[in-house]
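Asker: Residue numbering for the sequence shown follows full-length UniProt numbering, starting at 1 and increasing by one per position.
Each pair of labels, with its calculated beta carbon distance range: (1) R131 with L55: 17 to 23 angstroms; (2) A121 with P81: 21 to 27 angstroms; (3) P27 with N118: 22 to 28 angstroms; (4) R161 with N89: 27 to 33 angstroms; (5) E30 with K4: 31 to 37 angstroms; (6) A38 with S140: 40 to 46 angstroms; (7) Q145 with A14: 51 to 57 angstroms; (8) L39 with G15: 30 to 36 angstroms.
Simulated crosslink set (BS3-like; lysine-lysine; CA at most 27 angstroms straight-line): (9) K23 with K4; (10) K105 with K53; (11) K116 with K53; (12) K24 with K4.
No lab work stands behind these hints, which were simulated from the structure alone. Everything numeric in this text was worked out from a predicted model, so none of it was measured. All C-beta atoms in this analysis are idealised placements derived from N, C-alpha and C, irrespective of residue type, glycine included.
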Amino acid sequence: MQAKLSITRACQIAGLSRAAYYKKPMPASERDAQVIDALNAIVTRHGRWGLWKCLAIEVGVSIPSARLVRVLSRLIDCYGPTDAIRLDNGPERISEAFTQWVSAKGIAIRYIQPGKPNQNAFIERFNRTYRTEVLDARLSANLEQVQAITGQWPVDYNQYRPHESLGGLPPVPFMPRLTLAPMVYQPMST
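Can you build the whole structure from these sequences, using the hints too?
Answerer: This is the structure we're talking about:
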(Lines of atoms letter the chains of each structure in order from A and count residues from 1; the text may use other names and numbers.)
(Lines give C-alpha, C1' and ligand atoms only; values in the text may rest on other atoms or scores of the structure.)
Protein backbone atom coordinates (compact mmCIF):
# COMPACT_ATOMS: atom_id res chain seq x y z
CA MET A 1 0.00 0.00 0.00
CA GLN A 2 1.33 3.38 -0.95
CA ALA A 3 0.76 6.34 1.39
CA LYS A 4 -0.20 9.66 -0.11
CA LEU A 5 2.29 12.03 1.44
CA SER A 6 3.45 15.38 0.27
CA ILE A 7 7.10 15.62 -0.73
CA THR A 8 7.71 17.92 2.24
CA ARG A 9 6.26 15.37 4.70
CA ALA A 10 8.06 12.42 3.05
CA CYS A 11 11.37 14.30 3.29
CA GLN A 12 10.74 15.06 6.96
CA ILE A 13 10.06 11.38 7.69
CA ALA A 14 13.17 10.30 5.77
CA GLY A 15 15.31 12.99 7.40
CA LEU A 16 16.10 14.68 4.06
CA SER A 17 15.89 18.29 3.08
CA ARG A 18 13.67 19.06 0.12
CA ALA A 19 16.75 20.36 -1.71
CA ALA A 20 18.38 16.92 -1.36
CA TYR A 21 15.23 15.31 -2.78
CA TYR A 22 15.27 17.49 -5.89
CA LYS A 23 19.02 17.62 -6.43
CA LYS A 24 20.19 15.37 -9.23
CA PRO A 25 23.22 13.30 -8.27
CA MET A 26 26.45 14.28 -9.97
CA PRO A 27 28.01 11.51 -12.09
CA ALA A 28 30.96 9.86 -10.35
CA SER A 29 33.30 10.91 -13.17
CA GLU A 30 32.51 14.58 -12.49
CA ARG A 31 32.34 14.23 -8.71
CA ASP A 32 35.71 12.48 -8.56
CA ALA A 33 37.42 14.38 -11.40
CA GLN A 34 39.72 16.35 -9.10
CA VAL A 35 40.85 13.19 -7.29
CA ILE A 36 41.29 11.29 -10.56
CA ASP A 37 43.38 14.14 -12.01
CA ALA A 38 45.56 14.25 -8.87
CA LEU A 39 46.10 10.47 -8.95
CA ASN A 40 46.94 10.56 -12.66
CA ALA A 41 49.48 13.33 -12.01
CA ILE A 42 51.14 11.26 -9.28
CA VAL A 43 51.20 8.11 -11.41
CA THR A 44 52.57 10.04 -14.39
CA ARG A 45 55.41 11.24 -12.20
CA HIS A 46 55.91 7.91 -10.39
CA GLY A 47 55.04 5.20 -12.90
CA ARG A 48 54.51 2.28 -10.55
CA TRP A 49 52.55 4.07 -7.87
CA GLY A 50 48.86 3.34 -7.79
CA LEU A 51 48.88 0.46 -10.23
CA TRP A 52 47.63 -2.87 -9.07
CA LYS A 53 49.61 -5.53 -10.81
CA CYS A 54 50.28 -9.09 -9.80
CA LEU A 55 54.07 -9.45 -9.70
CA ALA A 56 54.21 -12.94 -8.19
CA ILE A 57 52.02 -15.58 -6.59
CA GLU A 58 53.44 -18.32 -4.44
CA VAL A 59 51.19 -21.32 -3.82
CA GLY A 60 51.66 -23.55 -0.81
CA VAL A 61 50.14 -24.93 2.34
CA SER A 62 52.45 -22.57 4.23
CA ILE A 63 55.12 -20.17 3.09
CA PRO A 64 58.06 -20.02 5.50
CA SER A 65 60.23 -16.92 5.71
CA ALA A 66 63.06 -18.48 3.63
CA ARG A 67 60.63 -19.03 0.75
CA LEU A 68 59.26 -15.51 1.14
CA VAL A 69 62.81 -14.14 0.95
CA ARG A 70 63.46 -16.16 -2.26
CA VAL A 71 60.33 -14.76 -3.93
CA LEU A 72 61.10 -11.19 -2.89
CA SER A 73 64.72 -11.59 -4.08
CA ARG A 74 63.44 -12.68 -7.51
CA LEU A 75 61.12 -9.67 -7.61
CA ILE A 76 63.99 -7.32 -6.79
CA ASP A 77 66.13 -8.96 -9.48
CA CYS A 78 63.32 -8.57 -12.01
CA TYR A 79 61.84 -5.17 -11.10
CA GLY A 80 64.43 -3.45 -8.95
CA PRO A 81 64.36 -2.63 -5.24
CA THR A 82 61.52 -0.98 -3.38
CA ASP A 83 61.66 1.51 -0.53
CA ALA A 84 59.11 -0.23 1.69
CA ILE A 85 56.84 -3.26 2.01
CA ARG A 86 53.41 -3.19 3.67
CA LEU A 87 52.65 -6.43 5.53
CA ASP A 88 50.39 -8.00 8.07
CA ASN A 89 51.92 -9.61 11.13
CA GLY A 90 52.04 -13.23 9.96
CA PRO A 91 54.78 -15.41 11.47
CA GLU A 92 56.83 -15.62 8.27
CA ARG A 93 56.78 -11.82 8.02
CA ILE A 94 57.99 -11.14 11.55
CA SER A 95 60.64 -13.86 11.67
CA GLU A 96 64.25 -12.94 12.34
CA ALA A 97 65.40 -14.30 8.96
CA PHE A 98 62.93 -12.09 7.08
CA THR A 99 63.53 -8.95 9.12
CA GLN A 100 67.32 -9.34 8.79
CA TRP A 101 67.02 -9.79 5.00
CA VAL A 102 64.78 -6.72 4.67
CA SER A 103 67.15 -4.68 6.84
CA ALA A 104 70.16 -5.77 4.77
CA LYS A 105 68.34 -4.66 1.59
CA GLY A 106 67.46 -1.27 3.11
CA ILE A 107 63.73 -1.89 2.77
CA ALA A 108 61.40 -0.41 5.37
CA ILE A 109 58.69 -2.66 6.80
CA ARG A 110 55.28 -1.08 7.24
CA TYR A 111 53.21 -3.48 9.32
CA ILE A 112 49.46 -2.97 9.47
CA GLN A 113 47.86 -2.91 12.90
CA PRO A 114 46.67 -6.34 14.09
CA GLY A 115 43.00 -6.87 13.28
CA LYS A 116 42.93 -3.99 10.75
CA PRO A 117 42.92 -5.62 7.28
CA ASN A 118 41.42 -2.41 5.85
CA GLN A 119 44.90 -0.88 6.21
CA ASN A 120 45.96 -3.28 3.45
CA ALA A 121 42.74 -3.04 1.44
CA PHE A 122 44.24 -3.44 -2.03
CA ILE A 123 45.93 -6.70 -1.05
CA GLU A 124 42.77 -7.97 0.66
CA ARG A 125 40.83 -7.16 -2.54
CA PHE A 126 43.47 -8.89 -4.65
CA ASN A 127 43.34 -11.97 -2.41
CA ARG A 128 39.56 -12.08 -2.80
CA THR A 129 39.88 -11.84 -6.58
CA TYR A 130 42.46 -14.64 -6.66
CA ARG A 131 40.34 -16.83 -4.38
CA THR A 132 37.21 -16.24 -6.49
CA GLU A 133 38.82 -16.62 -9.92
CA VAL A 134 41.27 -19.43 -9.18
CA LEU A 135 40.68 -21.30 -5.93
CA ASP A 136 36.87 -21.23 -5.76
CA ALA A 137 36.30 -21.52 -9.52
CA ARG A 138 37.87 -24.96 -9.91
CA LEU A 139 38.14 -28.19 -7.99
CA SER A 140 41.75 -29.12 -7.46
CA ALA A 141 42.84 -32.54 -6.25
CA ASN A 142 46.25 -31.39 -5.06
CA LEU A 143 48.64 -28.49 -4.67
CA GLU A 144 50.31 -29.16 -8.04
CA GLN A 145 47.00 -28.55 -9.86
CA VAL A 146 46.56 -25.25 -8.03
CA GLN A 147 50.13 -24.27 -8.96
CA ALA A 148 49.48 -25.12 -12.63
CA ILE A 149 46.27 -23.08 -12.72
CA THR A 150 47.95 -20.21 -10.90
CA GLY A 151 50.86 -20.14 -13.37
CA GLN A 152 48.83 -18.51 -16.17
CA TRP A 153 46.54 -16.43 -13.99
CA PRO A 154 48.90 -13.43 -13.40
CA VAL A 155 49.25 -12.99 -17.17
CA ASP A 156 45.47 -12.95 -17.58
CA TYR A 157 45.08 -10.68 -14.53
CA ASN A 158 47.63 -8.13 -15.78
CA GLN A 159 47.00 -8.20 -19.52
CA TYR A 160 43.35 -9.15 -20.10
CA ARG A 161 41.20 -8.92 -16.96
CA PRO A 162 39.34 -5.59 -16.68
CA HIS A 163 40.00 -3.70 -13.44
CA GLU A 164 37.19 -1.49 -12.20
CA SER A 165 39.68 0.83 -10.53
CA LEU A 166 41.43 1.39 -13.89
CA GLY A 167 38.28 2.28 -15.83
CA GLY A 168 37.66 -1.27 -17.03
CA LEU A 169 41.16 -1.77 -18.44
CA PRO A 170 43.79 -4.31 -17.39
CA PRO A 171 47.03 -2.88 -15.89
CA VAL A 172 49.26 -3.46 -18.94
CA PRO A 173 47.00 -1.70 -21.50
CA PHE A 174 46.26 1.04 -18.92
CA MET A 175 49.94 1.84 -18.34
CA PRO A 176 50.58 3.80 -21.60
CA ARG A 177 47.96 6.32 -20.50
CA LEU A 178 50.15 7.25 -17.55
CA THR A 179 53.73 7.07 -18.74
CA LEU A 180 55.65 7.40 -21.95
CA ALA A 181 57.33 4.01 -21.50
CA PRO A 182 54.72 1.26 -21.14
CA MET A 183 55.44 -1.62 -18.79
CA VAL A 184 55.33 -5.08 -20.29
CA TYR A 185 54.47 -7.99 -18.04
CA GLN A 186 57.40 -10.35 -17.76
CA PRO A 187 56.52 -13.57 -15.97
CA MET A 188 59.15 -14.66 -13.49
CA SER A 189 60.59 -18.12 -13.73
CA THR A 190 59.78 -20.15 -10.65
